[in-house]
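Listed below are the residues making up each chain.
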Amino acid sequence: MATKNDNEKQVSRRGFLQGIGGTLAATAVGVGGVADATEAEAASSLPTLSGSVPVALTVNGKKVAATVDLRRTLLEMLRTDLDLTGTKKVCDRGACGACTVVLNGKTVFSCTTLAIDADGATVETIEGLEKNGKLHPIQDAFIRHDALMCGFCTPGFLISCKNLLDHNAKPSLEQIKEACCGNLCRCGAYPNIFDAVLTASGQETMANAKQVMASAKKDGAK
Amino acid sequence: VSLQTKTKKIKTTMPVNGIDTEVEIEVPDIVASWGKKFDREYVGAPMPRVDGYDKVTGRAKYTFDINLPGMLFGAILRSPHAKAKILSIDLSKAEAMPGVRKAYAIKDAGANLRFAGDEIAAIAADSPEIAEDALRAILVKYEVLPHVVKEDLARKTDAPQVFGGQRPNVSNGGSTQRGDVDATFGSAKTTVSGEWRTQARVHACLETHGSVVQYQSDGTAKIWTSTQAVHGSADQFAGLMKLERSKLEVICQNMGGGFGSKFGPGVEGAVCARLAKECGRPVKLMLDRRGEAESAGNSPTAIVQAKLSANADGKITAIQGKAFGTGGIGGGGFEYPYGVYKIDVLDVARENVFTNLGPSNAMRAPGRPQSSFLTESGVDELAVACGIDPLAFRLTNETAEKRIKQFKTGAAAIGWKEKVNPTPGKNAKGPIVRGVGCAGSTWGGRGGNGQMKAEVRIATDGSVVVAVGTQDLGTGTRSYIRSIVADELGIDIKFVKSEIGSSKLPVSGASGGSTTTPTVAPSVKMAATQAKSDFLVALASATKEKLEKLTLLPGGSVSNGKKTLSWTDACKRLGPGGIVSQGTWNASLVQGPIHGAQFAEVEVDTETGKVRVKKLVVVQDGGVIMNRMLLTSQINGGLIQGLGFALTEERIACQNTGRMMNANLEEYKLPGTREIPEIQVILDEDDEAIGVSGVAEAPVIPTAAAIANAVFNASGARVRSLPITSAKVLAALGKVKANKANNA
Chain A
1 MATKNDNEKQ
11 VSRRGFLQGI
21 GGTLAATAVG
31 VGGVADATEA
41 EAASSLPTLS
51 GSVPVALTVN
61 GKKVAATVDL
71 RRTLLEMLRT
81 DLDLTGTKKV
91 CDRGACGACT
101 VVLNGKTVFS
111 CTTLAIDADG
121 ATVETIEGLE
131 KNGKLHPIQD
141 AFIRHDALMC
151 GFCTPGFLIS
161 CKNLLDHNAK
171 PSLEQIKEAC
181 CGNLCRCGAY
191 PNIFDAVLTA
201 SGQETMANAK
211 QVMASAKKDG
221 AK
Chain B
1 VSLQTKTKKI
11 KTTMPVNGID
21 TEVEIEVPDI
31 VASWGKKFDR
41 EYVGAPMPRV
51 DGYDKVTGRA
61 KYTFDINLPG
71 MLFGAILRSP
81 HAKAKILSID
91 LSKAEAMPGV
101 RKAYAIKDAG
111 ANLRFAGDEI
121 AAIAADSPEI
131 AEDALRAILV
141 KYEVLPHVVK
151 EDLARKTDAP
161 QVFGGQRPNV
171 SNGGSTQRGD
181 VDATFGSAKT
191 TVSGEWRTQA
201 RVHACLETHG
211 SVVQYQSDGT
221 AKIWTSTQAV
231 HGSADQFAGL
241 MKLERSKLEV
251 ICQNMGGGFG
261 SKFGPGVEGA
271 VCARLAKECG
281 RPVKLMLDRR
291 GEAESAGNSP
301 TAIVQAKLSA
311 NADGKITAIQ
321 GKAFGTGGIG
331 GGGFEYPYGV
341 YKIDVLDVAR
351 ENVFTNLGPS
361 NAMRAPGRPQ
371 SSFLTESGVD
381 ELAVACGIDP
391 LAFRLTNETA
401 EKRIKQFKTG
411 AAAIGWKEKV
421 NPTPGKNAKG
431 PIVRGVGCAG
441 STWGGRGGNG
451 QMKAEVRIAT
461 DGSVVVAVGT
471 QDLGTGTRSY
481 IRSIVADELG
491 IDIKFVKSEI
501 GSSKLPVSGA
511 SGGSTTTPTV
521 APSVKMAATQ
531 AKSDFLVALA
541 SATKEKLEKL
551 TLLPGGSVSN
561 GKKTLSWTDA
571 CKRLGPGGIV
581 SQGTWNASLV
591 QGPIHGAQFA
601 EVEVDTETGK
611 VRVKKLVVVQ
621 DGGVIMNRML
631 LTSQINGGLI
641 QGLGFALTEE
651 RIACQNTGRM
661 MNANLEEYKL
671 PGTREIPEIQ
681 VILDEDDEAI
691 GVSGVAEAPV
701 IPTAAAIANA
711 VFNASGARVR
721 SLPITSAKVL
731 AALGKVKANK
741 ANNA
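Chains A and B are the protein sequences, given in the same order. The first sequence begins at 1 in the working numbering and counts up one residue at a time. The second sequence begins at 1 in the working numbering and counts up one residue at a time.
Keep in mind the hints are simulated off the structure, nothing from the lab. Wrong hints could be hidden among the right ones.
Stated by the list, open to error - In the BS3-like style, the derived pairs of lysine-lysine whose C-alpha atoms are separated by at most 25 Å in a straight line are:
| hint | chain 1 | residue 1 | chain 2 | residue 2 |
| --- | --- | --- | --- | --- |
| 1 | B | 494 | A | 134 |
| 2 | B | 222 | B | 494 |
| 3 | B | 614 | B | 61 |
| 4 | B | 61 | A | 134 |
| 5 | B | 405 | B | 562 |
| 6 | A | 131 | B | 61 |
| 7 | B | 532 | B | 497 |
| 8 | A | 170 | B | 614 |
| 9 | A | 134 | B | 156 |
| 10 | A | 63 | B | 61 |
| 11 | A | 106 | A | 131 |
| 12 | B | 610 | A | 177 |
| 13 | A | 177 | B | 614 |
| 14 | B | 107 | B | 93 |
| 15 | B | 669 | A | 177 |
| 16 | B | 85 | B | 156 |
| 17 | B | 61 | B | 307 |
| 18 | B | 572 | B | 544 |
| 19 | B | 417 | B | 453 |
| 20 | A | 177 | B | 615 |
| 21 | B | 156 | B | 307 |
| 22 | B | 107 | B | 141 |
| 23 | A | 170 | A | 63 |
| 24 | A | 62 | B | 61 |
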């Protein structure tokens with residue numbers, strides 16, 4: 001992923017470690033007595049990583065570029081610089097999957113991917129799933145099975161599920177659970193997410209959802 | 001034709017900070033009706049949510065997603081200490097950093113910090129990265145003071161004082177005494193006693209608390225905020241921004257979870273508004289994950305030391321209990337015993353214990369999941385001690401006809417007779433054992449009052465808008481209000497659009513205490529009824545036809561007895577602007593309380609202690625159902641959160657550091673895909689129901705108790721404290737020593 005800005009992007013290992021050390025010192029303050037304020041002072045005087053670099057990448061088939069903070073994550077670049085806010089920021093440390101995007105064909109947590117590391121890459125986000133005004137079958141299935149409530153985890157789940165279907169046309173329930181085990185939903189839409197993936201891959205859903213769907217009278221969705 | 005006439009007084013439930021509270025209110029004395037179930041076309045039908053498309057394409061804008069030109073990013077410096085005094089704050093280095101637009105101290109030198117996460121100072125900067133740098137450049141000197149974060153320690157007489165001696169660590173939470181407990185215990189056939197405990201949880205809303213505040217050049221302000229109450233938030237923002245209420249608009253089109261923790265701006269909203277004002281630019285301030293977990297609310301712990309007795313017939317005769325719990329520096333009250341049993345002889349005292357942790361907040365059925373576990377575990381032990389099947393024991397003690405039926409239905413669905421283990425802990429054929437458990441629930445189900453309004457507008461092009469100042473937490477409010485209007489007008493639902501999520505819309509309540517549907521649905525129904533009446537009056541006038549000759553036919557066409565006009569043709573005859581009609585909430589469209597029964601089938605590995613839930617069955621009623629599909633989703637969600645309460649979720653507060661050790665989403669364990677069992681939702685639908693009920697909270701209540709009871713039935717391991725970890729199961733089986741760390 002070499003670019004003409006390699007020199008600007010190089011971060012000295014020493015400076016990086018000092019930066020980390022500063023963070024630790026600032027948070028690891030004593031439990032008893034008067035805290036040593038010199039620790040905080042030392043932290044603030046440590047060198048921090050700064051500066052901006054241009055990053056160019058292809059997002060959903062479109063070439064885009066922005067000059068971003070060296071430390072900016074791909075997630076923050078998508079959301080703040082490119083206003084592609086479908087990809088969500090939730091845990092910001094690779095634990096919940098809400099920021100999942102496809103980077104050069106593989107799903108990654110965009111919150112733990114630096115924007116500079118995505119320079120020159122091809123990225124697919126939730127905004128790219130709908131093609132020419134037509135929903136991807138997994139999106140359609142999510143609506144029909146009500147595989148979402150608040151919807152904040154939905155983009156991450158959809159990317160994980162779509163990527164699963166790209167590699168496995170008929171995943172089993174266990175494989176679906178495996179593919180989405182890095183995604184968390186707080187509302188508890190899981191059973192309907194499983195059914196949506198089963199439907200999108202032309203398989204029988206679990207009994208409960210079928211019971212609900214069988215008596216569907218009207219479709220209020222667009 | 002006005003539908004509003006005389007008034008009457010009724011009792012109803014209103015949320016007070018998310019806790020349903022019974023109050024007497026005055027309402028219009030009108031009898032309105034949802035009609036017969038099978039006449040309803042859209043109301044109740046299992047239709048996908050209307051905002052599904054926006055949510056699956058990433059178009060749905062949440063507060064976190066608002067980007068405005070010139071917008072700054074706010075951040076908050078929080079106390080790293082559970083208890084400390086601020087000696088000095090030096091903002092100069094932060095202020096001098098390029099890209100920092102504002103730094104100010106939320107608390108000044110001399111102020112007391114009462115929990116790790118307490119707000120100290122605020123920053124507005126050009127980017128989130130710069131804001132974070134600036135937080136680290138703020139120099140704070142603290143006098144660190146002794147803290148206490150464990151409720152058991154906080155109750156001791158020599159414990160560090162949470163409020164520095166201004167008030168004690170323990171407050172009286174009230175007591176209930178009826179009958180003669182000692183005499184009843186003396187004559188009881190069977191008694192059990194022990195201590196049961198539940199952990200604290202955090203709401204873990206995926207979208208953290210926060211706002212975007214934008215002052216406009218004309219002195220008004222727009223506020224996007226992740227809230228369960230657009231109107232309540234507007235009142236509060238108006239107060240703290242010293243702006244007339246009419247000069248601001250609070251917007252919440254989509255929100256990423258609240259679960260009881262998002263009823264107002266909070267400190268972070270106030271900070272955001274001040275930064276926006278002082279910088280003269282819009283500011284976005286969303287909490288980071290640690291701030292969310294430590295300061296934005298939690299569900300209190302609940303502990304009871306109790307004794308229960310039963311007579312020879314297997315009837316519960318008395319319960320005695322000393323109950324306490326901590327909500328950090330906030331309240332920690334809960335009821336004990338849980339209200340599914342009618343106990344004649346009671347002696348219960350409650351205490352709220354304060355600790356140096358973030359304040360608790362209402363969390364989906366505040367106090368009830370805790371109360372259910374403490375009560376239903378004890379009752380289950382009593383059943384076993386009496387030698388009676390736990391389900392039969394419940395049926396003996398159950399007083400609600402409705403729940404007796406639900407228990408029987410649920411038992412058949414889970415296969416209780418075949419699956420109940422008659423000899424828990426004995427005769428196992430291998431290390432993996434299976435069993436079943438159950439528990440019941442009740443909830444108020446009501447809500448609303450005569451202040452609550454909705455508006456229905458019919459335009460001359462035939463399009464209809466239903467507008468109400470409510471919010472959709474993922475519950476489907478935006479969707480079902482269309483169904484009500486389409487049914488009332490008899491038109492295709494495609495004509496009807498929803499407008500919600502703004503404080504500029506007709507007043508509606510907070511989404512707490514399961515009161516949203518019983519508040520919103522009747523108001524919308526009355527507005528639609530009024531719109532129908534206004535529409536016919538206007539049409540009669542426009543067509544010079546007698547009003548009584550006009551009838552609305554199914555499909556929305558209008559007949560005068562001779563010829564018919566289609567809906568769109570009829571609407572073309574309306575005067576300019578069409579029809580704008582309002583309706584007021586009506587008590588006769590609401591009913592409660594509601595009931596439920598839940599069953600769990602679990603598998604326990606007696607060598608590793610691992611518990612796996614195989615199946616959950618829920619039987620739940622809920623009055624007139626608005627949307628069968630969305631209700632089922634919400635019930636699924638309740639059970640899954642209940643499963644997290646039972647097995648995985650726990651806020652771990654460390655007494656050494658005074659901090660939450662798992663203020664993140666990898667160590668605070670929400671149930672993930674692999675924890676999800678088969679879930680069977682059985683809607684106990686009453687075809688004759690006359691009112692709507694709120695069902696959001698009831699399903700989360702008994703799940704943990706049902707799972708815990710199933711763990712015992714499977715393995716003989718009676719785990720009296722949540723969450724049921726492998727270590728606790730092994731300890732209960734006598735295979736390892738119990739870890740007392742949590743009880744200090």
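Going through the hints against the structure:
1. B:494 to A:134: holds (20 Å)
2. B:222 to B:494: Violated, at about 31 Å.
3. B:614 to B:61: violated (37 Å)
4. B:61 to A:134: holds (20 Å)
5. B:405 to B:562: Given pair residue 405 (chain B), residue 562 (chain B) is violated - Cα atoms ~51 Å apart, limit 25 Å.
6. A:131 to B:61: Holds. Residue 131 (chain A) to residue 61 (chain B) sits at ~20 Å (cutoff 25 Å).
7. B:532 to B:497: Roughly 16 Å between the alpha carbons, so the hint for residue 532 (chain B) and residue 497 (chain B) holds.
8. A:170 to B:614: Answer holds: residue 170 (chain A) to residue 614 (chain B) is near 24 Å, not above 25 Å.
9. A:134 to B:156: Violated. Residue 134 (chain A) to residue 156 (chain B) sits at ~65 Å, over the 25 Å cutoff.
10. A:63 to B:61: Holds. Residue 63 (chain A) to residue 61 (chain B) sits at ~24 Å (cutoff 25 Å).
11. A:106 to A:131: It holds: about 20 Å lies between the C-alpha atoms, which stays within 25 Å.
12. B:610 to A:177: Roughly 19 Å separates the two Cα atoms, so the pair holds.
13. A:177 to B:614: holds (15 Å)
14. B:107 to B:93: holds (18 Å)
15. B:669 to A:177: Given pair residue 669 (chain B), residue 177 (chain A) holds - Cα atoms ~16 Å apart, limit 25 Å.
16. B:85 to B:156: OK: residue 85 (chain B) and residue 156 (chain B) at ~23 Å, within 25 Å.
17. B:61 to B:307: violated (52 Å)
18. B:572 to B:544: holds (15 Å)
19. B:417 to B:453: With Cα atoms ~50 Å apart, residue 417 (chain B) and residue 453 (chain B) exceed 25 Å; violated.
20. A:177 to B:615: Holds: residue 177 (chain A) and residue 615 (chain B) sit about 16 Å apart, inside 25 Å.
21. B:156 to B:307: holds (23 Å)
22. B:107 to B:141: holds (13 Å)
23. A:170 to A:63: Roughly 33 Å between the alpha carbons, so the hint for residue 170 (chain A) and residue 63 (chain A) is violated.
24. A:62 to B:61: holds (22 Å)
Consistency with the previously given hints fails for numbers 2, 3, 5, 9, 17, 19, 23, ordered from lowest to highest.
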